[in-house]
Amino acid sequence: VKFGFRQSMAWLHTWSGLVVGWVLYVIFLTGSAAYFQEEITRWMQPEATSAPSPEAAAQSAVRFLQKVAPDADSWFITLPGRRSATTQVFWSPREAAPPSPRETAAVLDGEGREITARATQGGFFLYRFHFDLHYMPVMLARYIVGASAMFMLTALLSGIITHRKIFTEFFTLRLRKGQRSWLDAHNVMGVLALPFFLMITYTGLVTLQTQYMPLPILAVFEKPDSFFAASAPVEPVERSGHAAALTPLAPLFAKASAAWNGGGVGFLSVRHPGDANARVQLTRSSADAIPSRGETLSFDMRGVQLPAVAKEGGAARVESVMIGLHAGRYAQSLLRWLYFACGLMGAGMVGAGLVLWTVKRRQRLSDPARPHIGFQLVERLNIATIAGFPVGLASYFLSNRLLPLQMAERGSWEINCLFIAWGAVFVWAIGRPARAAWVEALGAAAVLFALVPVVNAVTTPRNLVVSLLAGDTVFAAFDLAMLCAAALIGWTTWKVHRHNQKARAV
Amino acid sequence: MIDLFALALSLLGFAALSLGLRRHQHDLLGRTLPLARTVAARSVGYGAIAAALALSVAGHGLGYGLMTGAGLLTVAAVLVMVGVTVSTKGPARCRQPARHSAEARARQA
Numbered sequence: 001v002k003f004g005f006r007q008s009m010a011w012l013h014t015w016s017g018l019v020v021g022w023v024l025y026v027i028f029l030t031g032s033a034a035y036f037q038e039e040i041t042r043w044m045q046p047e048a049t050s051a052p053s054p055e056a057a058a059q060s061a062v063r064f065l066q067k068v069a070p071d072a073d074s075w076f077i078t079l080p081g082r083r084s085a086t087t088q089v090f091w092s093p094r095e096a097a098p099p100s101p102r103e104t105a106a107v108l109d110g111e112g113r114e115i116t117a118r119a120t121q122g123g124f125f126l127y128r129f130h131f132d133l134h135y136m137p138v139m140l141a142r143y144i145v146g147a148s149a150m151f152m153l154t155a156l157l158s159g160i161i162t163h164r165k166i167f168t169e170f171f172t173l174r175l176r177k178g179q180r181s182w183l184d185a186h187n188v189m190g191v192l193a194l195p196f197f198l199m200i201t202y203t204g205l206v207t208l209q210t211q212y213m214p215l216p217i218l219a220v221f222e223k224p225d226s227f228f229a230a231s232a233p234v235e236p237v238e239r240s241g242h243a244a245a246l247t248p249l250a251p252l253f254a255k256a257s258a259a260w261n262g263g264g265v266g267f268l269s270v271r272h273p274g275d276a277n278a279r280v281q282l283t284r285s286s287a288d289a290i291p292s293r294g295e296t297l298s299f300d301m302r303g304v305q306l307p308a309v310a311k312e313g314g315a316a317r318v319e320s321v322m323i324g325l326h327a328g329r330y331a332q333s334l335l336r337w338l339y340f341a342c343g344l345m346g347a348g349m350v351g352a353g354l355v356l357w358t359v360k361r362r363q364r365l366s367d368p369a370r371p372h373i374g375f376q377l378v379e380r381l382n383i384a385t386i387a388g389f390p391v392g393l394a395s396y397f398l399s400n401r402l403l404p405l406q407m408a409e410r411g412s413w414e415i416n417c418l419f420i421a422w423g424a425v426f427v428w429a430i431g432r433p434a435r436a437a438w439v440e441a442l443g444a445a446a447v448l449f450a451l452v453p454v455v456n457a458v459t460t461p462r463n464l465v466v467s468l469l470a471g472d473t474v475f476a477a478f479d480l481a482m483l484c485a486a487a488l489i490g491w492t493t494w495k496v497h498r499h500n501q502k503a504r505a506v
Numbered sequence: 001m002i003d004l005f006a007l008a009l010s011l012l013g014f015a016a017l018s019l020g021l022r023r024h025q026h027d028l029l030g031r032t033l034p035l036a037r038t039v040a041a042r043s044v045g046y047g048a049i050a051a052a053l054a055l056s057v058a059g060h061g062l063g064y065g066l067m068t069g070a071g072l073l074t075v076a077a078v079l080v081m082v083g084v085t086v087s088t089k090g091p092a093r094c095r096q097p098a099r100h101s102a103e104a105r106a107r108q109a
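Residue numbers (our numbering), protein chains in the order written: chain A, 1 to 506; chain B, 1 to 109.
No lab work stands behind these hints, which were simulated from the structure alone. Think of the CB as a built atom: it goes at the ideal place given N, C-alpha and C, for glycine as much as any other residue.
The calculated lysine to aspartate or glutamate pairs, modelled on DMTMM-like cross-linking and capped at a C-alpha distance of 20 Å, are:
no., chain 1, residue 1, chain 2, residue 2
1, A, LYS255, A, GLU55
2, A, LYS165, B, ASP27
3, A, LYS177, B, ASP27
4, A, LYS67, A, GLU103
5, A, LYS311, A, GLU295
6, A, LYS255, A, ASP288
Facing chain B, from chain A, some residues (calculated, C-beta under 7 Å):
no., residue
7, PRO195
8, LEU335
9, LEU338
Kindly generate the complete structure, drawing on both the sequences and the hints.
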């Protein structure tokens with residue numbers, strides 16, 4: 001059979017989309033959630049309430065580190081921005097230091113006290129899952145995600161060519177017409193958010209380009225590490241051996257603010273703390289501007305500003321902007337919600353495409369009562385992923401409120417709960433008739449999402465009414481988002497149920 | 001405020017563009033508009049969309065404005081799509097009743 005150009009593009013679109021559709025659906029959902037990772041973390045750490053200024057937080061974090069890790073090689077402090085309530089500190093011990101039983105990282109509140117009440121990975125887990133997946137080596141996961149993104153780009157471009165009526169049917173969604181409706185839904189979501197999909201897929205590949213395309217680096221450098229060392233050089237400075245107190249931070253923050261037109265500090269690191277040769281580096285908050293790598297300022301022990309070691313080149317600047325566009329850390333409230341909505345449309349487009357694959361082939365089955373194994377596999381994976389992953393997500397939030405506070409490995413168990421619930425839906429989808437499994441799995445997701453605000457109200461004093469009255473937008477918006485998810489999925493469940501009844505009645 | 005204006009302009013733009021498409025003229029008005037009107041609708045549509053983007057850029061700067069403007073355009077396009085879908089007249093929805101029930105039967109079997 002000889003294929004025309006458009007037909008071969010349609011073939012490419014169908015199969016490149018199917019192969020990675022389930023991974024892409026989950027990547028889109030977790031990626032959308034990751035735009036609110038700080039807010040999700042705040043909801044998952046209800047004990048942390050203060051939102052201090054970055055400067056005060058930096059000072060209390062330094063006091064904490066002077067107590068806990070006075071002779072570390074370096075301190076790294078991620079300061080709270082407008083959206084988070086906690087300070088994250090991390091320190092690297094000196095090479096000669098004896099191994100310590102203590103973890104070298106901590107989460108602090110505004111006063112510099114370690115938060116230990118409720119161990120959780122919070123929204124950070126969803127962010128990491130978006131490209132590192134889970135239960136597997138990070139590098140392998142990134143190859144899987146990268147390959148999926150490459151297929152996504154292929155599917156986008158071949159989809160544009162395949163979709164003949166991209167302009168004449170720009171706003172067309174024909175309802176209640178079976179296969180036609182699924183195709184329309186897939187097309188309309190794909191077309192209306194197309195600029196976002198092209199941007200997000202391409203820039204997503206750029207974020208890990210040095211892993212996906214290592215050869216250009218290896219052609220010039222001996223090993224990848226020497227490339228990274230050359231592209232981000234560090235001033236060579238050793239410990240002097242003379243003790244010295246840390247320079248006051250307030251003047252450094254003032255200098256940074258002046259240098260960056262009022263921009264804030266997002267990250268602070270101290271090399272050789274406690275030594276006369278210590279170096280303090282301030283990095284501009286990524287909430288300030290689109291490029292993901294903020295400008296930095298370095299100071300010595302007396303608070304004197306040091307000249308920059310290297311200047312960012314044009315290519316690095318382009319990469320920084322692309323990664324910034326992808327991660328959206330610069331986005332304020334409205335733009336953040338727009339990112340989120342477009343991400344959900346991505347999940348919707350991929351989901352509709354996956355369902356379309358089965359709807360289209362169901363009519364051509366020789367024996368619809370006993371479909372072939374490939375069809376069954378796709379159908380069951382669709383249920384397990386499209387309905388199952390939301391079940392897992394709701395279970396993740398619920399487990400954050402329900403697991404015992406002092407449980408060992410609590411943070412990991414929250415994540416395990418996500419996968420246990422998701423796996424349960426997978427088993428359920430295999431064991432039940434497909435139509436029934438759709439309704440039951442979607443129904444379970446709707447009920448679980450609706451339970452999140454209820455369980456929150458029972459287990460913490462920060463229920464929806466209190467949050468609304470107190471003007472606590474993070475908690476109120478989170479609870480309301482859960483209710484919206486429940487309503488949307490519940491409505492879908494009802495539609496599928498009605499459809500099943502009608503199909504049975506005809 | 002700027003964002004609200006930009007969203008309103010985007011809505012106007014896409015609504016006009018939808019009226020510039022033959023299929024949606026049928027869906028919304030039940031008839032086809034004369035060529036001059038169609039061209040006018042399309043011009044208004046493209047003009048309003050360009051104005052919406054320009055407004056976002058003027059309000060937020062080039063990079064941030066383009067991102068916000070593009071996002072608002074997508075939201076506006078979705079709203080117009082929902083509007084077109086809801087107001088599409090009955091006959092267009094079940095133009096092929098025979099095929100529809102054949103599908104249902106095939107699925108039930």
